[in-house]
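Use the sequences and the hints to build the structure in full.
Going down the list, the protein sequences come from chains X and F. Anchor point for the first sequence: position 356 equals 356 in this note's numbering, and the numbering is continuous, going up by one each time. Anchor point for the second sequence: position 65 equals 65 in this note's numbering, and the numbering is continuous, going up by one each time.
Keep in mind that the hints were calculated from the coordinates and are not lab data. C-beta atoms are modelled at their ideal positions from N, C-alpha and C, and glycine is treated no differently. Please note that a few of the clues may not be correct.
Restraint-style ranges between C-beta atoms, simulated for each label pair [to be verified]:
1) F:Lys151 x X:Gly372: 36 to 46 Å
2) F:Ala20 x X:Gln432: 52 to 62 Å
3) X:Ala29 x F:Lys138: 50 to 60 Å
4) X:Leu70 x F:Arg12: 32 to 42 Å
5) F:Gln21 x X:Asp19: 28 to 38 Å
6) X:Val28 x F:Ala20: 28 to 38 Å
7) X:Gln432 x F:Ala46: 45 to 55 Å
8) X:Leu70 x F:Asp41: 40 to 50 Å
9) F:Glu61 x X:Asn422: 44 to 54 Å
10) X:Asp146 x F:Glu61: 52 to 62 Å
11) X:Lys54 x F:Gly114: 22 to 32 Å
12) X:Arg413 x F:Val57: 43 to 53 Å
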Amino acid sequence: MALLGAINPLMTSGWAGGDAGWRLKDYVARGGYEMLRKVLTEKVSPDDVIATLKASVLRGRGGAGFPTGLKWSFMPKNFPGDKYVVCNSDEGEPGTFKDRDLMRFDPHSVIEGMIIAGYAMGAARGYNYIHGEIFDVYQRFEEALDEARAAGFLGSNILGSSFSYELFAHHGYGAYICGEETGLLESLEGKKGQPRFKPPFPASYGLYGKPTTINNTETFAAVPFILRMGGEAYLNMGKPNNGGTKLFSVSGHVNKPGNYEIPLGTPFAKLLEMAGGMRGGRKLKMVIPGGSSAPVIPGEMMMDLTMDYDAIAKAGSMLGSGAVIVMDETVCAVKALERLSYFYFEESCGQCTPCREGTGWMYRIVHRIENGEGRPDDLELLTSITPNIMGRTICALGDAAAMPVSGFIKHYRSEFEYHIENKRCLVPRDVQWAGSTFYTGPSC
Amino acid sequence: MLSESSLKKIDREVAKYPAAQKQSAVMAALAIAQDEKGWLDKDTIACVADYLGMAPVAVYEVASFYNMYDLEPVGKYKLTVCTNLPCALSGGAHAAEYVKEKLGVDFNQTTADGRFTLKEGECLGACGDAPVMLVNNKRMCSFMTPMQIDKLIEECK
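Okay, structure coming up:
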């Protein structure tokens, strides 16, 4: 589904044509590749490109929110060998589906962003690692690459300059862990996607042991727009320390699930209104504001928040990838957590003991509470497991598995206690997930 | 052995990586081999290993790590239904129940006529289109209402 709504759209400004507007000629007609041309023909220095990104306060759109300009400046300047630019399109964080639409409706914006990144960091080769389950999007991206090669935007001496750059797509095959940047690098090298210990960071030891910078798809797609409008103008679209606009994937109990582009700092209430409000007019119970790893926030608290990195962090959660999972009063907090815990158990790569054993342990406990077999000390047990996983693993998957558990228990402790004491759910079975509309059709 | 056309496709993948990094093409090579053979048995894995100059165990490690590779035979149509939370909120879990009942199989089972294998998916990355299903790792089906599911199963002869 194409874009459903936007305020001051940038990255989605070319989506109007839907599946008919993604080709190179359409992108060029919208002003595409002009920034690449400008950078190369006017010989804008790599330092100036990076300075513009720093001024824009573009923060990584994959989840961590690290400033992109700063990240690019970490790449060694006078390195004698190969350097790489890698795009992380392994979008598998439950609730997130923005990069899929970005590559589907405007793949050339990602390509242009990656070429400019190569120029700014002195890399001659890039890879876009694409989520396994979206084969049609991978195919389209390959076609877009062919178009860019044929038009001379990729290859040797691009647009008559001394800059040469090759770009390829790599198709994942189903492993959430490869969304972690060093797991992704291992996978790109043809191995199991088990994350590497950091340091060394990818900027010094990345793909094939060479300096590498990895950014999210949306981050690359924003680059040409930022260069066009200038860093400060981009920053001012959002709010201080939270530059620009961001894509939000809204899923769950809203009338119009889909992607929305809004300036950072826009109230959540406005986003909910754009998404058509609550399905069936039911009451908002809770929201996971940044993908399944982000701690849940109760509905009434969420209605007072703005959608930006700092506001959501202050409320005890994270903006993450911008995946907003909206849940109404028919959802049982225990059942919701049970499904998420199963996901992390299933996707743990098995490398670190606290995560490998801890995710299974947490799932089994939440599962028995949900199924009327909870024990009186189970909540105490769960809250003693989470701090023994967090910060004790090589990558953030351990934290990502523990945060939902502590978040749900923090805000919905009484529901867990009710389950344990009464061996049943607080939300009657026939009401539970009534909002799914699978059997009733979307109007109910 | 893999067919000429599969090997050609693998060559195209190998060309994407630096000459000394053929191993980077192993994921694509396994996917291509699986498309040809239906699933990955030990001989196919050995064949990919030989072609890329890798140890068979290193290829097996990759094949067993990523969950879209099938190390056991599957039906002609592999249906993967996403039941993760964002999808379940919009009918993903109900859709899986519906398919199970319709086909008379549970997850990881194949129908007696060998037509369908049912799998539970972990985030296909299309939560806004829920319920979603993936057919044979390639075709994403969105907004799968009972009627749409009936139609899909009818189509898959």
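Indicate whether the distance between the beta carbons of F:Glu61 and X:Asn422 respects the range 44 to 54 Å.
46 Å, holds
Quick check: does the Cβ-Cβ distance between F:Lys151 and X:Gly372 fall within 36 to 46 Å?
Because 38 Å falls inside the window, the suggested range holds.
Using the C-beta atoms of X:Gln432 and F:Ala46, is the stated range 45 to 55 Å upheld?
49 Å, holds
Can you let me know if the beta-carbon spacing of X:Ala29 and F:Lys138 is within 50 to 60 Å?
Given a distance of about 31 Å, which is not inside 50 to 60 Å, the answer is violated.
Verdict for X:Arg413, F:Val57 (Cβ pair) under range 43 to 53 Å
47 Å, holds
C-beta pair X:Val28, F:Ala20: status relative to the range 28 to 38 Å that was hinted:
36 Å, holds
Looking only at beta-carbon atoms, does the pair F:Gln21, X:Asp19 fall within the given range of 28 to 38 Å?
34 Å, holds
Using the Cβ atoms, figure out if X:Asp146 sits within 52 to 62 Å of F:Glu61.
About 32 Å separates the Cβ atoms of X:Asp146 and F:Glu61, which means 52 to 62 Å is violated.
Between X:Lys54 and F:Gly114, does the beta-carbon spacing fit 22 to 32 Å?
59 Å, violated
Could you tell me whether the CB distance from X:Leu70 to F:Arg12 stays inside 32 to 42 Å?
Since the Cβ atoms of X:Leu70 and F:Arg12 sit about 37 Å apart, the hinted range of 32 to 42 Å holds.
Lying within 40 to 50 Å: is that true of the beta-carbon distance X:Leu70 to F:Asp41?
49 Å Cβ-Cβ, so the 40 to 50 Å window holds.
How does the Cβ-Cβ distance of F:Ala20 and X:Gln432 compare with 52 to 62 Å: does it lie in that range?
With Cβ atoms ~56 Å apart, the hint holds.
Checked against the numbered hints given earlier, the structure breaks hints 3, 10 and 11 and satisfies all the rest.
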